[in-house]
Structure formats: structure tokens, C-alpha cells
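**Student:** For reference, the chains in residue letters:
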Amino acid sequence: MLAGALALFMRTDQVGVAATDAQVFYQLLTAHGLGMFVGWQYPFAYGLTFYILARFLKRPLYSFKMALWSGIVTLVGYYLILLSIAVGFGAGWYYLFPLPFYSAGAWSSASVALFMVSALVAEVGFVMFAYVALRTVYSTRIKSAGLGRFYDQPSVYRFMQSVGLDAYMPKATRDKLEPLPIPVVGTVVATLVLLFSTPTVMVEQMLGIVQITSPPFDVNALLAKNLFWLFGHPIVYFAFFIIVGMYYFLMPTFANRPLPSERWARAPWPLLLVSGVGVYSHHLFMDINQPLWVNLFSQSMSYLIGFASGLTIFTLVATMWRSKFNWNTASLFIVTSLVAWMVGGFIGEEQGTIAFDVYEHNTYIVPAHFHFNALAGVVMAAFGTFYFILPELLHRDFPSKVLGRIHFWTSAIGAFGMSGAFLALGLLGAPRREADVVVQSLAFTSSYAVWLDLALFFALVVGIGQLPFLYNLLKVFRGGRSSVKAVT
Amino acid sequence: MPIPFLSLSGDVGAGIPFLSALLLVLVGLGVFFLAWAIYSTRHPRNADRPPAWYQREPLYVLVVASVFIAFWAFTLPFVPLVSSGKMVPVQTIDVQAQQFAWSLNSTALPVNKPVMFHVTSKDVTHGFGVYDASGALIFQQQVMPGYPNDFTYTFRQTGVYTIRCIEYCGFGHPTMIATFVVVNA
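In the order they appear, the protein sequences are chains A and B. Here the first sequence stands for residues 1 to 488, numbered as in our numbering. Here the second sequence stands for residues 1001 to 1185, numbered as in our numbering.
In short, the hints are calculated from the structure, not lab data. Everything numeric in this text was worked out from a predicted model, so none of it was measured. Some hints here could point you the wrong way.
[To be verified] To give an idea of the chain B side of the interface with chain A (calculated C-beta under 7 Å), a few residues: (1) Leu1029; (2) Phe1032; (3) Pro1044; (4) Arg1045; (5) Asp1048; (6) Pro1058; (7) Leu1059; (8) Leu1062; (9) Ala1108; (10) Val1111; (11) Val1115; (12) Gly1135; (13) Tyr1147; (14) Tyr1168.
Built from N, CA and C at the ideal position, the CB exists for glycine as well.
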């Protein structure tokens, strides 16, 4: 299962990276966004979750069969989505209603219907995954090898601990509780966010199918936009929160000392859970028809998530401070992703302020924000996790340290360079999602050209930088099938 | 009530120069902090226990929370719905958006007087982004079909302004450009 998820991670990642270079086609734009989310993020996050549950809970999955099927269903949905894009659908990964139904002749209703159905299939996979993951954490019917006392506690305590609420309990109570490892808290919070947000997008897509099949029916655009973003923003945290949970395991491991405070390490999680969903309306800041109080609430939630992220970084940096830190390919990736998280976070906070967003909404600052966070942050951290876990599972190291370092430096320089070029474009006011950003008739757009060239250059650096990784990966796997099975 | 350094390009919020400077300072401080932490691992000291400054985490909580609260309160008057609602327009411009063109009932607007854009869409959601002659994005709003998208703004400078669709609206999206002029009335 793990080996399968890891292989998928690689394959789909390459699709995503390739599409990054080709900014010109809206179909590719749609495929790139969805490829990264559904095709890469989900298989990776599923695999990592199952690894974390097995390793830190020391208990088998609630249902291995269902876990496997959740992955299969998600990927079937994903490949059907790709098919719908291949046959014409190109409304972007967030396909603002009613755009799918007004293609100006560019795509057919059939491709829209196929897209909606495929997305629903993938989402059924998400729910199956959430079910298996949460049952594995909470069920008392599974025999556990470790954490015995945890499952003897009342269920309300188990739930509160699983989302980090124990940090807010009095010391006397905390001392009596058997702590839950933080990576498990991360997967629970990520899965709960996924579970809260998936039904809303399913409703939106079902309404969309009704609109295609019975034309007089017209979905309200504002309702649809709210339903979509209640899903669309929270799910970006799905793989990310799981990664953040891993930080709390990896950083002490690299630094050869325990976390400075278990309590502060748990304190951010309830905040992340609430704000992870609550931030959603910052995608509607420029909608004058969205109720003001909803937007002000989401602005507050955007601040709260920045605050909670800051707490996390503070604790992780303290773990590293003047320690005997073990610098290797894995830790280089992990620490660099922390830097990117912080840089992308500051950009996000600026956009999360409504009065500032007037100048930044839908400009290149948005791709700058999420490429810092998703590419230089989550993907880099995923590589770090990968370099850490794989040798452990295979009982052997990557064959070449040098290739690992080349992979790190090219990925880091490329990811930061490209996101930085996006930021410059955004500050110049260049709109995102334009097939032709530079327009002959608009003299001021000529200043964008140099940054677009730089972005392409750095994107190529990232792309080429994956080759040494692929080579290293092929070598470490060659003839390693039996040992993988033996370990998992 | 425009606060001078906050209203570099108009009546709403802060302009790009302010935002760029803010980012530069924040990112600079953050990267400096992390770079210092990374450098500190070259000279391990008391490697078995956390740094003394970590005891001040409550101070961090206090400082960051107050910065956020200050930002919240300080920027509230500049939230488009709040600032736009306070102004009484002297002129209303009807703007209609459709795939893939803008149509305006007037292309000459007065300077230093509040004007209201009454923007509607015939088909999908468009983005009404207004650029000044230097290429700075000075304000924007989403144009949602089925709703009036009204927004009041006071232009401070005469000249040619460009409207660019900044919400993806179909394959012809990049061609959706129009211009108007702001003149002394």
C-alpha cells in the first residue's frame, strides 16, 4: 500500500511539475491545479496518514480493504477528471458557476457533466478515506500494541486529545492523560477538515448536474461560490496539516533533543482546525454581494491561522536552536519548507486583509502565495519526509548522497525563484490566469515580460531538478520489492 | 477619512508601495530569524535543553495577537463595502460585462468626485479591475451575474484608465479590455 502510494506520488508529481511550465493553456491550467490537488496531494496524504497511524498508534488500520479502495476510488475519479479535461473542459480548477455552462462554444455540456460526475467519484474516495482514518484513531475495537492507556480513557478525552484540546486543560488533568503523538493529532485535524468541507462541494456539483440536465434550473452564483470555497480553501490544508504534524516528529529527531514544550506543541491544533475551515470566505473578499460580516469573520480566521502557524514555527525553531542538528538531505528539505511556509504565510496574511486584497486579489500575488506554500512548502516538506521514511522502510539508504543534494538545491532555488518571480509580477499588478499577460496595446504590461521569463527559467530548474531524484529512486527500489513487503 | 500614507492610490486601503514595504519588512525579519536559527546549529551549546528565550512564548502570543488586532481595527474603514458605502456618488456609470467585452454608457468621468460603477454581467462572473496609466491596479470588484455590483470610487488623477477582466471567464478572457478617461469636470 505504502509503496503504491509513494510511486503514485512520483508519477503524478511529474505531471504537475510539467504543467507548471506551460502557463498558456487553460486546459493545462485546469489539469495542473486538479492534478496537484487530487492526483498528487491525496495519494501522498493517504499514504502518509496510513504510515503515521501504523507507526505512532501501533495499531492496524480499521479496514485495510476500505483504505485500499479509498485510494482506488480517488484515483479513478482523478483520471476521469483528466479525461473530461482532455475532451474539452477548461473552466479552471475552481470553475466558478456559471462558467461551466457558458463556455462560449469552447467545451461541451457532456464534458462538464463528465467532470462533475468524476469529481463526485473522487470525493466519495475522500469520505471513505476519512472514515477509515478516523475509525482507526478512535475505535476501541482494534487491538493496539502500544498506547494502551490512551484507549482506556473516556471517549470525550480521547476526542479532545486528538485535536490538541488537552493543551488547554489544567496541568493536573494533563498529567493524568496518556498523550497522543502529535503526528496523529495532525492527521486527525487534517481529516476532520476534509470531512467538514467535502459535503459542500458535493452539493455544489450535484446542483451543477441538475443545471445541465434540466436547463431552466439555474444555480445561484453566490451560493455556488460559497459552497465551492467552503471546500476549496480548507482542502489545501489537507496534506499540509499532516506535514505539520510530521514536523513535530522530524525536527526533534534531527535536533537530537525533545520538543521544548509538549503543551505549546499541541496548543495550535484546535486553532488550526477552526480557522482551516473559517478562512474560506477570503476568496469572496472582492464580492460586494457577500455579507460583510462573513468576510470580516474570514479575515479574523485568516489572522488566527497565521497566529497558530507562528506558534508552530516558534516551537520548531526553538527545537533547532543551538542543537546538534543533523544536516542531511531530509532535514535540508524540511527546514527549507519552514522558511517557505513563513514567507508564503506573510503574503497570505496580506491578502487575508480585505482592505489590502483590493490591490492583490486575482493578481500574480495569489499564485506567489500558494506556490511558496504548496510548492516550496508542502512539496519540499513531502520530499524531506520521503527522504526520511524511505530508507527506514527499505532498510537501505539512497544510493547517492550527491544526487540527493542536487535534487535539494535545484528544487529549492527553482521553487523560491519561481514563486519570487510570481510575487514581483503580482506587485506590478499582473493578473493571474491570463493566457496573454503581456498585451501589445497596453504599454505598462511590457514590464511583466522579464519576470515571466524568469518564472519559466526557475520552473525549468525545478523540473530538471527532479531527474536526479527519479534516478536515485529507481536505484533504491531496484530489486527491493520483497524487502518492502517484509517491512510493511 | 483618508489617512495620508495609507491611501497612496485612492480612497480604499493601502497602495502597492505600502504593501510591498510591509512584506519586505515581515519577510526580512522572518528570514533573518530562521537564518539565525540555522546558523546557530553550527555552534551547539546546551544542546540537551531548549533555549532560554523559549520561556517567553507568552510574550510572542501577546505581541502577535496585538499586531493582528491593530491591523483589523486600522484597516476596517478601508474595507471596500465600508468605504464605498460612505461616499455619495455624483454620477453613476452603467457597465455591462459579457464574454468577452465591456460596455460603458460613459467613458469620461470627473476627477475628485465620487462616481458609482453599476456593474452587471450578462453571463458568467467577470473581474472588474481598474489600472491607472502607470499600470498600478487601483481597485477591483467581482462582477457576479444576477446581482448588481455597485462600487463607488473617487479618482484623484486625470488620465487614461484601463479596465481589465481579472476573473477567468472563458478562453477569450485575455481580450476583455476597455478604457475610459478621467477629466477635469
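**Student:** The structure should be examined with respect to each hint, and the outcome stated for every one.
**Tutor:** Each hint tested on the structure:
1. Checking leucine 1029 of chain B against chain A by beta carbon gives a least distance of about 9 Å; that is not within 7 Å, so the hint is violated.
2. Restraint check, phenylalanine 1032 of chain B versus chain A: the minimum CB separation of about 11 Å is more than 7 Å; hint violated.
3. With its C-beta approaching chain A no nearer than about 5 Å, proline 1044 of chain B sits inside the 7 Å limit, and its interface hint holds.
4. Given the 7 Å rule on beta carbons, the hint for arginine 1045 of chain B holds: about 5 Å separates it from the nearest Cβ of chain A.
5. The beta carbon of aspartate 1048 of chain B is positioned within 7 Å of a beta carbon in chain A (closest approach about 6 Å), and the interface hint is therefore held.
6. Proximity of proline 1058 of chain B to chain A is violated relative to the hint, the smallest CB-CB distance being about 10 Å (cut-off 7 Å).
7. Interface hint at leucine 1059 of chain B: violated, since its Cβ lies 11 Å from the closest Cβ of chain A, which is beyond the 7 Å cut-off.
8. Proximity of leucine 1062 of chain B to chain A is violated relative to the hint, the smallest CB-CB distance being about 11 Å (cut-off 7 Å).
9. The restraint placing alanine 1108 of chain B at the interface with chain A is violated, with a minimum CB-CB distance near 20 Å, outside the 7 Å limit.
10. The interface hint given for valine 1111 of chain B is broken, as the beta carbon of that residue sits about 20 Å from the closest beta carbon of chain A, more than 7 Å.
11. For the restraint placing valine 1115 of chain B at the interface with chain A, the shortest Cβ-Cβ distance is roughly 15 Å, beyond the 7 Å limit, so the hint is violated.
12. At a threshold of 7 Å, the smallest CB-CB gap from glycine 1135 of chain B to chain A is about 3 Å, leaving the interface hint in force.
13. Hint status for tyrosine 1147 of chain B: holds, given a least beta-carbon distance of 5 Å to chain A, under 7 Å.
14. A distance limit of 7 Å between C-beta atoms decides the matter here; for tyrosine 1168 of chain B the minimum to chain A is near 4 Å, and the interface restraint holds.
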